[in-house]
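Asks: These are the residues of each chain, in order.
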Amino acid sequence: MSDWQPKILAILCNWCSYAGADLAGVSRLQYPPNIRVVRIPCSGRVDPLFIMKAFQTGYDGVLVSGCHPGDCHYLSGNYFARRKFAVIKPLMEFIGLEPDRLQFSWVSAGEGERFSEVVTKVTKDIQKIGPITKMVKGV
Amino acid sequence: MIKIEKNKFDEFLEILKKEYNVFAPKKEGAQTSFKEIKFAKDIEFNNINTKIPKEIFFPQAEELFMYKDSKIENIEKKKAIAVWGVRPCSAKSFILIDKIFGRAKQKPGDKNFEDPLWKTKYDDSLVFTIGCNTPASTCFCNWVDCGPFDSTGSDVMVYDDGNGFLLEGISKKGIKFLSDIKDFEESNDKDRQNIEVLKNIAETMLSKPIDKDLLKVKIDKSWNHSIWDEMSAKCINCGACTYNCPTCHCFDIQDEGKSNKGKRIRLWDSCMFPDFTNEASGHNPRDLSKDRFRQRFMHKFKYFPENNGDYLCTGCGKCIQVCPVNVDVRDVLNKIIEF
Amino acid sequence: MVKELQEKVKQLFKDKKVDMVIGWRKGSLPLSSSPLFINKIEDVDNLIFDETCQNNLAVYITKDKRRLVKDGKKIGVIVKGCDARSLVLYCVEKQIKRENLVIIGVPCKGVFDKRKVMEQVDNKEVLGFSVNGKEVTIKGQEFEKTLDKFEIASDSCQSCVYPDAPVFDEFITEPRKEKPDIDEFAKVDKFEELSLDDRWKKITDEYSKCVRCYACRNVCPSCYCNVCFVDQNDPQWIGKSPEITDTIIFHLIRNLHVAGRCVECGACARACPEGIDLLLLNKKITKEIKERFGYTAGINIDEKPAMQSYCENEKQDFIMG
Chain A
1 MSDWQPKILA
11 ILCNWCSYAG
21 ADLAGVSRLQ
31 YPPNIRVVRI
41 PCSGRVDPLF
51 IMKAFQTGYD
61 GVLVSGCHPG
71 DCHYLSGNYF
81 ARRKFAVIKP
91 LMEFIGLEPD
101 RLQFSWVSAG
111 EGERFSEVVT
121 KVTKDIQKIG
131 PITKMVKGV
Chain B
1 MIKIEKNKFD
11 EFLEILKKEY
21 NVFAPKKEGA
31 QTSFKEIKFA
41 KDIEFNNINT
51 KIPKEIFFPQ
61 AEELFMYKDS
71 KIENIEKKKA
81 IAVWGVRPCS
91 AKSFILIDKI
101 FGRAKQKPGD
111 KNFEDPLWKT
121 KYDDSLVFTI
131 GCNTPASTCF
141 CNWVDCGPFD
151 STGSDVMVYD
161 DGNGFLLEGI
171 SKKGIKFLSD
181 IKDFEESNDK
191 DRQNIEVLKN
201 IAETMLSKPI
211 DKDLLKVKID
221 KSWNHSIWDE
231 MSAKCINCGA
241 CTYNCPTCHC
251 FDIQDEGKSN
261 KGKRIRLWDS
271 CMFPDFTNEA
281 SGHNPRDLSK
291 DRFRQRFMHK
301 FKYFPENNGD
311 YLCTGCGKCI
321 QVCPVNVDVR
331 DVLNKIIEF
Chain C
1 MVKELQEKVK
11 QLFKDKKVDM
21 VIGWRKGSLP
31 LSSSPLFINK
41 IEDVDNLIFD
51 ETCQNNLAVY
61 ITKDKRRLVK
71 DGKKIGVIVK
81 GCDARSLVLY
91 CVEKQIKREN
101 LVIIGVPCKG
111 VFDKRKVMEQ
121 VDNKEVLGFS
131 VNGKEVTIKG
141 QEFEKTLDKF
151 EIASDSCQSC
161 VYPDAPVFDE
171 FITEPRKEKP
181 DIDEFAKVDK
191 FEELSLDDRW
201 KKITDEYSKC
211 VRCYACRNVC
221 PSCYCNVCFV
231 DQNDPQWIGK
241 SPEITDTIIF
251 HLIRNLHVAG
261 RCVECGACAR
271 ACPEGIDLLL
281 LNKKITKEIK
291 ERFGYTAGIN
301 IDEKPAMQSY
311 CENEKQDFIM
321 G
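Chains as they are written, first to last, in this note's numbering: chain A, 1 to 139; chain B, 1 to 339; chain C, 1 to 321.
Hint data in this document are derived by calculation from the structure and do not stem from the laboratory.
With a Cα cut of at most 35 Å, we get these calculated DSBU-like pairs of lysine-lysine:
1) B:8 x B:77
2) B:199 x C:114
3) C:315 x A:134
4) B:38 x B:3
5) C:201 x B:78
6) A:137 x B:121
7) B:121 x B:199
Not everything, but these chain A residues come out facing chain C in the computed CB check (under 10 Å):
8) 47
9) 52
10) 53
11) 63
12) 70
13) 79
14) 85
15) 87
16) 92
17) 97
18) 98
19) 106
20) 121
21) 134
22) 137
Don't be surprised by glycine CBs; every beta carbon is placed ideally from N, CA and C.
Hey, can you work out the whole structure from these sequences and the hints?
Replies: Structure representation (C-alpha cells):
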C-alpha cells in the first residue's frame with residue numbers, strides 16, 4: 001500500500017477554523033490534500049455521532065477544529081465542545097481505536113499558517129497509523 | 001423407532017452431516033444457542049434454557065439481494081438444514097411462522113403466498129425435536145395447545161431415556177430419513193414403556209392451564225378495559241420479549257449501501273418500538289406504551305387465532321425469563337380472564 | 001425492615017403526602033421482583049424490598065409520553081442509592097419538581113445478578129433463596145448451594161460507593177455514614193492495561209452479542225429522549241441490523257449521551273437479555289468525568305451536570321498545542 005493516502009474529515013467551525021482554512025488558501029500556503037472539509041456553525045455543534053459515522057464510512061481520521069477558548073462567536077460553544085472532546089477521545093481509545101485518528105485543534109480566522117501546520121501534522125500522524133480497519137462497515 | 005446409544009451419537013452425526021448442515025445447541029460463554037455443529041462433543045444436550053432456534057430459518061438480518069454497479073446478485077442457496085434438539089415449543093413455532101411465510105392466504109381460494117427465503121430453508125429441513133423430561137417453571141406449553149412431548153412441527157421426535165436417544169419418525173421426511181439409516185438397533189417394548197413414564201412425569205410438572213373458551217370471550221371484550229393500563233404500566237417497551245419469542249416474526253426492510261454496491265436486508269422488528277407503526281405523516285396509531293403492549297398480546301391471543309386457528313404462542317416462557325421488569329404472560333392471561 | 005417500609009408508606013398515604021408510590025412486589029419467578037404502582041392504601045401490603053429488587057424505579061417518572069405524574073400530583077418512589085441519584089438527576093434536569101417527589105430511601109445491600117446465580121448453579125431451575133449475612137443459599141429441585149453474596153451481586157453493586165440515597169425525604173432505618181471502601185473503577189483500570197488491539201477484540205466480542213432490543217436504553221433512567229437517535233429515520237443515522245459497527249456506534253453514542261448523567265445503577269446490564277457487560281464503558285466515562293471535572297452525577301440537586309457546564313481554564317491536553 002505504498003501509494004495509500006489517508007482520507008481525513010475536517011470538521012471546521014464557520015467563524016474561525018473555516019476562515020483560517022480560507023486564509024491558508026488565499027495565502028497560497030501548502031498543505032496535504034487529504035482533508036475533506038465540512039463546515040459547521042460552531043464546534044459545539046459537533047455530535048460524537050458525526051465522528052463515529054466518519055470512521056464507519058471509511059475515513060482514516062477526523063480533525064475537529066474551532067475557535068480558541070474565549071473567541072467563540074456564540075460565546076461558550078467551544079467550551080462545551082471541549083468538555084465533549086475530553087470524554088470522546090479517551091472513550092475511543094478505551095474501546096481500542098487508535099487515539100491519534102481523532103484530533104482537535106483551535107485555529108482562528110487569522111491563523112492560516114497554523115491551519116496548514118495542523119493539517120500537515122494530522123496527515124502525518126494518520127499516515128503513520130495506516131488505513132482504518134477497525135470501525136469500518138463492510139458492505 | 002430406532003435407538004442411538006449416547007456413545008454412538010458421533011456415528012449418527014456423521015450420517016446426518018452428509019446431507020445436511022447440522023444445527024444444535026452449543027454453549028458459548030454463559031449462553032447456549034443453536035449453532036452449526038461439526039462434532040458431537042460441541043453439543044450441549046441437557047440444557048433446557050437454550051436460546052430459541054428461530055434464527056436458523058429466520059435470521060435477525062437476512063440479505064434479500066446484493067447489488068454492485070447495476071448488477072443484482074442473488075444470494076446463493078445453501079445445503080439443507082437439520083436442527084437437532086429443538087424443544088416441542090420451538091418446533092411448533094416453525095409451523096406457526098410457516099403459516100405466514102410459507103402458506104399465507106389473503107382470502108380462501110387464493111394462491112399461497114410463499115416467502116422464498118423462508119421456504120427454501122424451511123421446506124428442505126429436518127427438525128429433530130427432543131421431548132422435555134423436566135419442563136422449567138416458566139413453561140406453560142400446556143396452556144396453548146402444545147406440550148412437553150408435542151410433535152407438531154417435528155420431522156423426528158427424540159426421547160432421551162437417560163442411556164440413549166429414541167428416534168420416532170413423525171413426518172414423511174422424517175420417517176424416510178430414519179428408514180434410510182440402518183446401523184442402529186430398533187427400540188423394544190421396554191423403551192416404549194419408559195417413554196410413557198417420562199411423558200406422564202412431565203405432564204404433572206406443568207401448571208393448570210387456563211380456560212380457553214373463557215379467554216376468547218374475555219379478550220374480545222377487553223380492548224377498552226383499564227386492565228391494559230394496569231398491566232402495561234410497568235412495561236418499558238424494549239424488544240427483549242419479541243426478539244426472544246419463537247413465534248414473533250415481524251420484520252423491517254432496509255437498504256444499506258455505499259457508492260456502487262449495497263444490499264437490501266430484512267431485519268427483525270418489534271411491535272414494542274414506537275418506530276414500528278410510525279407513519280410518514282408523523283402520526284403514530286400506537287403512540288402509547290399501552291397500545292403497543294396490548295397489540296402484542298392481542299396479536300398472539302386474538303388476531304392470529306382468528307385468522308389462523310392457533311395461538312401465536314407456544315408457551316416456551318422465554319419472554320418471562322428475559323423481561324427486565326417481570327411481565328409474565330401467564331399473569332396477563334389470568335388478568336384478562338379475571339376482569 | 002419490609003414491615004417498617006409498609007408502615008411508612010401507609011402513613012404517607014394517610015397524611016396525604018403522596019398520591020402514588022412506586023415500589024417493588026414479589027415477581028413471578030423466584031429470583032425476580034416486579035415494579036409495583038401503589039394508588040391506594042390496600043395495595044401497600046404487596047410491597048417488598050430484598051436482593052431481587054433490581055429495577056431502577058426512577059425510570060417510570062419519564063417513561064412513555066403519558067407521564068405518570070401530572071399537575072402537582074405527588075409521587076413517592078422507593079429507592080436504593082443509585083435510584084435516588086436518578087431522581088436527583090431528574091430534579092436537576094427539570095423533569096420533575098422536587099416538591100412533587102417523595103424520596104423514600106431503603107438500605108440497599110446489593111442486588112442479585114440473575115445471570116451470575118444461574119451460572120453458579122449450572123442453569124438448573126432455582127426455586128428459592130435465603131440470605132444469611134454475607135451468604136446466600138440457593139434452593140432448587142434437587143440441590144442447595146451456598147454462594148458468596150458479593151460474587152452473585154450485580155456488577156454495579158460490586159463497585160457501588162453510594163448504596164444509600166444521598167438525598168431523601170424518608171429513610172427506612174438509618175442511612176450508613178461511611179462510604180463502602182471499594183475501588184469504583186477497578187474493572188476499568190484493569191481493562192485499560194490491555195493493548196489497543198486486545199481491547200478492540202474484547203469490545204467487539206462482547207458487543208457482537210447485541211440483538212438491538214434496546215432493553216438497555218429503555219430501562220435506563222437517564223435515557224428519556226422523545227425520539228432516540230437510533231429511531232430517527234429522516235435522516236437515518238445508523239443501520240438497524242446487529243452489524244458490529246452499527247451496534248458499537250449505538251452503544252458508544254448512548255454512553256456519550258448519558259455521560260455525566262449516568263448513575264451507574266447497572267440496570268442496563270441486568271436488563272440485557274444477552275448478558276453484555278454494558279457497564280464498562282459507562283464506568284470509563286464516569287471515571288474520566290470525575291477525574292477531570294470532579295463531578296459525580298445525582299449527588300447534589302444544586303450542581304449543574306458536567307456536560308452542561310464548563311470552566312474557562314480547564315486542562316486541554318487532548319487538544320493540539
